[in-house]
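Residue strings, one per chain:
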Amino acid sequence: MTLETLNLILLGGIVLGALYALMATGLALVWTTLGIFNFAHGTFIALGAYIAWQIASTEASGAGLLAGAGISIIGMFVIGMFVYYLLIKPFERNPDIVVKSVITTLAGATILENVINLVWGPRNKQLSPLLGGDMSLLGITISRNEMAVVALALVILAALGVFLQRAPLGRAMRAVAQNREAAQLMGIDVERLYAIAFGLSAALAALAGILIGSIRFMNPSMGSDPLMKALIVVIFGGIARFTGPIYAAFIVGLLEAVMTYLVGLYWSPTVLFAIMIVVLVAKPEGLFGRYRKSV
Amino acid sequence: MRYSPSFARSSGLIPVLVVLAVLALVPLLSSSMYLRHLLVLAFVFGIVASSWDLSLGYGGLFNFAHVALFTIGTYAFGLVGQTLGLSPWLGIAFAGVAAGLVAALITLPILRLSGIYIILVTIAASQVLYQIIISQSDITGGTSGMVSLPALELFGYRFNRGGKVGYYYLALLMLVASTIILYKITRSRFGRAIVAMRDHKYYAISRGMSETRTRLFTLTVSAALSGVAGGFYGSYMRVASPDNFGLGLLGLLLSMLLLGGAGTIWGPILAAFFVTMVSEVFAAYGAWRNIIMSLLLIVILIFYPGGLWALLQTLREALDVARSQATARLRRRFGLGQREAMTGAHETMVATRHGRIAVADTGGDKPALLLIHGNSSAKEVFANQFKALRDRYRVISFDLPGHGVSDNADPEKDYSVEAFADVAEDVLKALSAANPFVFGWSLGGYIAIELAARDYPVRALAVSGTPPLRVVPEDVGRAYDATSHFVLASKTFLSPAESRDFAASTTGPKTAETIHLHRAVRRTDGRARAYTLGKLQIVDWPRQMRFLRSAAVPFAILNGSNDPFLNHQYFRDLKLEQWTGEPDDIQDGKHAPFLLKPAIFNEKLVAFLRAAETTSRHGADVVA
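From first to last, the protein sequence lines are chains A and B.
Just so we're aligned, residue 229 is where the first sequence starts under the numbering used here, counting upward by one.
Just so we're aligned, residue 708 is where the second sequence starts under the numbering used here, counting upward by one.
Okay, chain A solo, but in the shape it has when bound:
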């Protein structure tokens, strides 16, 4: 392996890691606050990308990528809240909400995916890149767009971290995640927070979708593979801390890049899932986790 190949693998891993971090953080946000796993997250990614395409693409409205991204993120925030009220809230006090929410979010994913299919059709589409051209780094040439994706993801995650640590709303969200009853007694409107957490998670998914759409092709089921990867990442990193899934995302991204090089495209998911199972058995709370959960 030459140094150049190594750098190529590393950079590929970092790009993947940045995308996974965005998706996994959204997923973890819902998991920690609501205690459920949202199987519609992958479809949120696709829907966000398609809404952005509808606004931005010259084949459709042609309002530019920035407008598309803005409207898509805001729109997905609203759709996420709507999905929470329709699919999760009715089962809130249900003893088997964990398994019921699996089927309702799966059903929600089916509905959204078919809606995407009906509205935009099954053909591949692509968003325009954030930045054009290539740049050279560490002796290899990479596209400026991919670098922009990594930078943007990191900025957004940092902003989210600050929001959760400092902003009153973010602190309330962490409080609910740690102890719902106590938070409620302190006057926090838990239901509204749940809806906001869901909306925020959907907005993060939309952003991830837009970034994916700018470096790869989009199709209605583009979210299912990232969803599985995000699942690995969340389990890998644990949900005890906000940063856990982010570290794990980069580890998984790099691992995947290395695996693809070493064992080939087919076997790398197998190895990843197998590693995940081993991690879960040895340390169910995740690599960076403690027993207490928090955002």
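Do not take every clue at face value.
To be verified - Pair by pair, the computed Cβ-Cβ distance ranges are:
#: 1; chain 1: A; residue 1: G349; chain 2: B; residue 2: L1026; range: 44 to 52 Å
#: 2; chain 1: B; residue 1: S844; chain 2: A; residue 2: L231; range: 32 to 40 Å
#: 3; chain 1: A; residue 1: D417; chain 2: B; residue 2: I839; range: 41 to 49 Å
#: 4; chain 1: B; residue 1: S711; chain 2: A; residue 2: R351; range: 52 to 60 Å
What the hints assert, rightly or not - Far from chain A by the CB rule (all over 12 Å, computed), these chain B residues:
#: 5; residue: S739
#: 6; residue: L742
#: 7; residue: S855
#: 8; residue: A858
#: 9; residue: N867
#: 10; residue: L877
#: 11; residue: S948
#: 12; residue: V985
#: 13; residue: R1097
#: 14; residue: R1177
#: 15; residue: D1208
#: 16; residue: R1253
#: 17; residue: R1256
Hint data in this document are derived by calculation from the structure and do not stem from the laboratory.
Note that beta-carbon positions come from the ideal geometry of N, C-alpha and C, so glycine has one too.
Position chain B against the provided structure of chain A, taking the given hints into account.
Then chain B, alone, in the frame of chain A:
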């Protein structure tokens, strides 16, 4: 207290036989291959969903690799039947073994996990299986799967000929077999261990159950059943597709399981038919079909959290209420002469706070004696007393709400010991029978004590088959012998066999004399049983006990010496002040001494009432 009658005695027998007969006739009645194909799919999915229910519903283990194990069964069939070229029957058997073995492997990492973590690991495990399958493309055909798998053949009969009727019957047979296996398991020691491990894990462990063994057993067995179904599916569809590892089939089967109602076995089978048929109705709508089906699923889960099975129970209850009410109306109109001949008393309808009540009254201005019948019976149970005591007393009895020829009533409001005591008050008031003697049998005994304990003027109180309680439910366990028929007293739906059992153990085997009482059990509104006994906890038992201890009213207990429901020692330990000091049991009276030994019973009752007359006159003097 355990009650698990054989399936032949349960009320499920007849509907199941009818449905099976209809399904068995389908290929003869309809030549539609398409209908048969849909039904075969429903049978297969029924097996997969109901076997999943064993681990998910009963065991509370969210094994989301179940559907992947079904697909493993399909591939195992392909491996044996096609790649190795062995008999396809062997392939189906191996499919079950393979799925069971893989399930045991998957169980190992989830032994220490619970809840959502099991979901995640098992989904990951099915992804691993998927990746392994598609990576071995020279054997499994990779992403395009295995095609033209061998069809089944038996004694030269080829299953894929003749409109695939053979597959239809084989699938039906497999569904029946798998259901029998699941039914037996859920009612066995292991089945109870599975549920115990779900509901009270640490208690179950402390009672010596092994969590490892239970989990391993649950997951392996349910996967093996699903794997056999997968093997069959492979021979029927003749392809093994890796797509079946995906979330699509998983969602479909999970929707069947939850739509049907988890933890019921029958519900998922029902939902397998429902989902297969309904989704076929929308087949012409293309992408809209998935949207409609998903919306339907969400709506049903929101409004019917218990699923189709719970919906079926609601329908059944409505039907049963209508049936019992219609029976009461019919008998009120046509059986009057017969009933009046039994009691020799005049029957009238009386409006009370809890509905219209049928009352039998011998009339006259003799001292009134009110007889209150027990659970799922009727006033005619006292026919002997009516005839023997009418010269001395004005004998009155009435059918409780929801019993005999009285109307059914609102279960929330009208079916409770307190409401029944209200009815007794209203009946006595309507007949202007003041200051009565009251005798109550079994549940009627509690009504009698309740009536007296609320300071309603009663001259004397006698009960039979009624242990006075101090605290419920603790004393119920002490006062009653937990025979299996005791459970029937609070069961909403009784099968024909069960109502025969109940009538036989409360009154006696079906003879010309007791046939009326056997019919009365069938007529009783099942909600009256369930609600009245369910609400026993909110009766003011301490007040009843205080009242009995105060000995303000002469009190007698006239039990049968061999009452199958009672713990006789409990009565002795109560040390209540009563007529003869010790409980005065009637030899061989069983649960209904007044019915089975009327002569001795009447003698004792009259002796008590006479003694009470003197004391109560004495008591009245004191008050004066």
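For each hint, the structure was consulted:
1. The hinted window of 44 to 52 Å between G349/A and L1026/B holds, with their beta carbons roughly 49 Å apart.
2. Checked against the hint of 32 to 40 Å, the C-beta distance between S844/B and L231/A comes to roughly 34 Å, which is consistent with it.
3. Roughly 47 Å separates the CB atoms of D417/A and I839/B, a value that falls within the hinted 41 to 49 Å.
4. Checked against the hint of 52 to 60 Å, the pair S711/B and R351/A passes, with Cβ atoms roughly 58 Å apart.
5. Taking the minimum C-beta to C-beta distance to chain A, about 29 Å, the non-interface status of S739/B holds against the 12 Å cut.
6. The Cβ of L742/B lies farther than 12 Å from every Cβ of chain A, with a closest approach of about 26 Å, so its non-interface assignment holds.
7. Even its closest Cβ contact with chain A, about 24 Å, leaves S855/B beyond 12 Å, as expected for a residue assigned away from the interface.
8. The Cβ of A858/B lies farther than 12 Å from every Cβ of chain A, with a closest approach of about 31 Å, so its non-interface assignment holds.
9. Interface exclusion of N867/B from chain A stands, the closest Cβ pair being 32 Å apart, more than 12 Å.
10. The claim that L877/B lies off the interface holds: its Cβ sits roughly 30 Å from the closest Cβ of chain A, which is beyond the 12 Å cut-off.
11. Listed as outside the interface, S948/B is consistent with that label: its C-beta sits roughly 16 Å from the nearest C-beta of chain A, beyond the 12 Å cut-off.
12. Listed as a non-interface residue, V985/B keeps its Cβ farther than 12 Å from every Cβ of chain A; the least gap is roughly 14 Å.
13. R1097/B, annotated as away from the interface, keeps every beta carbon of chain A farther than 12 Å; the closest lies near 57 Å.
14. Distance to chain A confirms R1177/B as a non-interface residue, since its nearest Cβ pair spans about 33 Å, more than 12 Å.
15. Consistency note on D1208/B: stated as away from chain A, and its beta-carbon is indeed over 12 Å from all of that chain's, at 34 Å minimum.
16. Listed as outside the interface, R1253/B is consistent with that label: its C-beta sits roughly 39 Å from the nearest C-beta of chain A, beyond the 12 Å cut-off.
17. Non-interface status of R1256/B relative to chain A is upheld: no Cβ of that chain comes within 12 Å, the nearest being about 42 Å off.
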